[in-house]
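S.K.: Chains as they are written, first to last, in this note's numbering: chain D, 1 to 163; chain Z, 1 to 104; chain X, 1 to 163; chain W, 1 to 413; chain U, 1 to 367.
Each hint should be verified, as a subset may be incorrect.
Straight-line distance between alpha carbons at most 30 Å, and here's what the computed DSS-like set of lysine-lysine pairs gives [claimed, not checked]:
1. LYS36/D x LYS143/D
2. LYS164/W x LYS33/U
3. LYS178/U x LYS138/U
4. LYS85/U x LYS402/W
In case anyone wonders, no lab produced these hints; they're calculated from the structure.
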Amino acid sequence: MSQLLDGLEIGERIGKRIPEAVVEATPQWVVVHPQKLVEVATYLRDDSELNFRFLSGVTAVDHLDHFEVVYHLQSFSPNHMLTLKTRALDHDNPEVPSLVSVWRGAELQEREAYDLMGVRFAGHPDLRRVFLWEGFPGHPLRKDWLEMPGGLSPGLGRFPRED
Amino acid sequence: MSVELGHYLMVGAILFSIGLYVALAKRNAVGILMGIELMFNAVNLTLISFSRFVSPPTDVSGHVFVVFVITVAAAEAALALALAVVVYRNRETIDIDRINLMRW
Amino acid sequence: MDDVGSVVAFWMLSVMTLGAAVMVVAVRNLIYAVLFLILSFIGVAGLYLTLSADFVAIAQVLIYAGAVSVLILFAVLLTPRAARDNAETFLQVPGLVLATLVAVTIGAIALVTDWNEATRGAFPETAGAIGEALLDKYVLPFEIASVILLAAMIGAIVLVRED
Amino acid sequence: MIFLAEWWDLRDLGNPVGKLLELLGDHGPDWLPYAVSAIVGSITIVVFLLVSLLAFAWVERRLLGRMQARLGPNRVGPWGVFQSIADAIKFVTKEAITSRNVDRWMFWAAPVLVAVPVLVVFAVLPFGEGMVLADLNVGVLFVIAVGSVTAIPIFMAGWSSNNKFSLLGAMREVAMLISYELPQVLALLGVVVFAGTMRMNGIVGWQDEHNTWLIFLQPLAVLIYLIAGTVEINRTPTDIAEAESEIVAGYHTEYSGIKFGMFWLTEYFAGFAIAAIIATVYLGGWTLWGLEEWVPGWIIFLAKLYGLFWLFIWMRGTLPRLRIDQLMGFAWKFLLPLALINIFVAGLEVLIWRENDLAAEAVLPGFAIANLVLAGVLIVAWARFLGRARPSWRPARARLVKELGAVVYGQEG
Amino acid sequence: MTMKSEPFVVNVGPQHPSTHGVFRLRLTMDGEKIVDAEMVVGYLHRSMEKLAEGRTYTQNIPFTDRLDYLSAMSNNLAYCMAVEKLAGIDVPERGQFLRVIMAEFQRIANHAMAIASFAMECGVWFTPLMWMFREREKILDLFEMTCGARLTTNYVRIGGVSFDIPPEFMPAARALLKEMPERIAEYEALLMENEIILARSRDVGVLQPDLAIASSASGPVLRGSGVMWDIRKADPYAAYDRLEFDIPVGTCGDCYDRFLVRMEELRQSVRILEQALDMLPDGPASVNVPLALRPPAGEAYARIEAPKGELGFYLVSDGSPHPHRFHIRSPSYINLTPLRDMVVGLTVPDAVITLGSIDIVLGEVDR
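Next comes chain D alone, as it looks inside the complex (with noise of 0.2 Å):
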């Protein structure tokens, strides 16, 4: 049975070993700074004890006032998972580091969530839209992208073809 660890005591473990890195720490999730995500992401892979080497999900949630990415990590062995989120306070131009070079499987999820949410990746090696053409006015995941702007509405022929 797949363990989900205790946010509250792999926080403690990261302060101890990356100081004021850790935000928040609550028996779900752990939220860490973004300027020491990079840093976390590599102990929390590397560390023999917790063995991160999967990244099973990241996305992003619109709260409203700030933005909040979320990863979910697996271990193999030992069996356990983590809840890691990080936090973007600028809501009208949220950045927080790339894990590409952490984790691999980043690449096309952290694409995903600037697609649709309009959060910069910085590092990341190719951000650039996936599913929306480039062009398309806004990340329609926000909460405040409720219809399209200027009296736009959906088709291909209204908008700037790709290439």
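Given the coordinates of chain D, work out where chains Z, X, W and U should sit on it, guided by the hints.
M.R.: Here is chains Z, X, W and U on its own, set in the frame of chain D:
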């Protein structure tokens, strides 16, 4: 109206000179090769018509010659095209005007 | 060579052969030129047939139309699109003059000379006779030809080999 | 038996034509019989091909349906027999699209030219005794030469379409045709060595005279020719020139309507042609050990032809497609050496036979057994020699694990 | 070739016979060799995650059918598990077993399709496809019998399943399971020992286990690389902890291994199903859940081993009847991450086979 040896020889002569012109005047190395092939064909045609009209029917020397010519032409074509590829690889052109490796 | 069929066949095939050869000179696109060259080869094969040289005619189709021309097509495709024109060099006019002179000379010789037309009988079956001649009277040239083919093959492979 | 060889004797369809020609020769100008025989022969061949096509377009789909646990066409007419007619009407009436950037002349010429070589092949194939349009004395060579010309219209189609997939398909097809011509020639050469003639009728006559089929004397050559022939007709497992999962439809990607129909029917015609060549050269053509006295020879021939075509359908329903480099490697590394060995052995055998003036009845069965054994040994040995042995550490099935062990992954097992 | 050739861009897709939908692969070629590959998706993007934020939790179940439209049951199951985790709902035992039964039938149907289309990519002319459709059809009949729909089932509901199985389900399911081993043996005879398939798919599209883990591959793609990982074992959901089965893993991580793993999973699914049908307890199949469910504020991530890999739903609730955030971790999409590394250096035919061996469904890639 009948077809004589002279008719075939004339066709051969015209074909040969077309081939000669192509070989002389074309800019593309592959084009020159095509001219040479045309000339081969003209010669073969002449050989066969001599064999038909001049030599006795039991003698197939003309045909044998043509078989040899075709053989050599095939070998020549393969080599020439290999050369064209090599030249293109080294000089990035097969334009005869610009292949001036051996100029002094 | 008096019957109607032979005469009609000769004129049609001659026109086809020479017309295609002229088109090889005239067309601008090298691929078209190769295709007209093939047509010319087939016309020559037809002329061989009117001369009752069936084996040579088939060999012509097999080797020239089937193999050499395809080789040329491949060579054309191996060159870039820009090099696929069929233009002439500065030798255009001298070449034309020389070719005309050659045609006139050969034609004149062909018409003036008394060719001592001995026989006009058709060969009953050339394939067997050619085979016997190749392995009897012409066995040395035959072997030399095969050596030439081998040498050409090895040479071509060595030339285009990448290393 | 007074009615034999009369014009109503259908055992040889040449009889009525012969009578007609005789009649014309008596009363008309001397070129008329030639012209009429050419026209009658061509029309007969084309009609035969079209009827076979219509029949086999349906038969193939029914057979494939049976192999694939489904029904196949069953709506148009009883058991769907009119399906091919409906398809033909559809081909003709559909729009023949010519896209803007194609090379117009070549694009239109290719589908017309592509059918010519396969039609011409049938001119030298005897459908029955004397039922052959042009009994060339270099028939075998003719068949190969004409087959090699097929590459040109296909190249034209692929190049003129101005489509990358088309060009890739055309290049593949041309490379394939060139490579497989050599094993084809060498396989047919073994037959020529035995029969001592390149005339198709002569080969059939030789088999009839010696009461044997060349398939028994040349088992390896039959196999090589069959494989090389499959390549020529562009059906699975060798349809890499139009491999739909890789290059959409190869050289006929851009074709539609009747132009596509031409390529499609050429594929069938080529299949019939290869089957007819095998039937003539290796399976005794229109002879069946004396049965041709009673059954019309052309029926025997067609039975063999259709039986071989059924083999093609079967292969299509079973085998996956090879990759281009594998297919080329197969021609050069496998078929060509074996064909060379085969022709060497055939020459040796004929030499032994002729030089010692042995009786055919005594020699041929021995040759047949020897060649069969040789073919088996050669194929197995050469395949062993070429084929990389299957890695022994690699299990044939997936490994099964009960629990997620401590060792998470690894290739140690 | 040392020849300076122009780089040649081949667009496989968006409309191409082997992309299973509208998927575009831009291949930059040097001759026949692929030097770069870029995938372009989004042609089927329906913005499901945004749509779901405007509907209630129950109304969202039909959306999940349209994700991986070849395994709707699994998608329903994953979503309902996430909602149950969020709202703290317990599913009765019979419901758990019915979920396992349906999910495993769905796995067989999906793998039949995956193997068949992989074989199609290898160039088999429809025969395996039609053979496997025969069994898939029977499974779809079972679904129809149970819930009236064949593809978009909408069967698993929050708190259980929508209907209990009808009386004729059991004999039909048992008859199917009885003939399945024989059928699987047929497929294996047709495909596994086929020299051409071996030649085409061995050592093609190799995915090293390290890369597979690092790039978040899951399902048969991960297991084909030799990683022993299966969520049914690692994090048992529904009734899997009471059922006995093995996990097939590959050795080399090439296309053939992925194919073998799927083939073996067919057998394992049959094994699971036989046990589950035997063990199916009596009792209610579901609990009553209010139509406008209001889970407490919080978040939940639930995942299952869907036929294509790890299918997860990440739900954030703010206490309203609509999810605040509805995220789908779709295996088809994430399994495409290592695609570029797998196809560079191959030729187009090999790339097509590699893509076929990953087994994507565009409805799930684009969502």
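S.K.: CA of LYS164/W to CA of LYS33/U, is that 30 Å or under?
M.R.: 15 Å, holds
S.K.: Compare the distance between the alpha carbons of LYS36/D and LYS143/D with 30 Å, and conclude whether the hinted pair is satisfied.
M.R.: 27 Å, holds
S.K.: Between the alpha carbons of LYS178/U and LYS138/U, is the straight-line distance 30 Å or under?
M.R.: Between LYS178/U and LYS138/U the Cα gap is close to 13 Å, so the pair holds against 30 Å.
S.K.: Under the criterion that the straight-line Cα-Cα distance not exceed 30 Å, is the pair LYS85/U, LYS402/W satisfied?
M.R.: Answer holds: LYS85/U to LYS402/W is near 28 Å, not above 30 Å.
No hint from the list above goes unmet by this structure.
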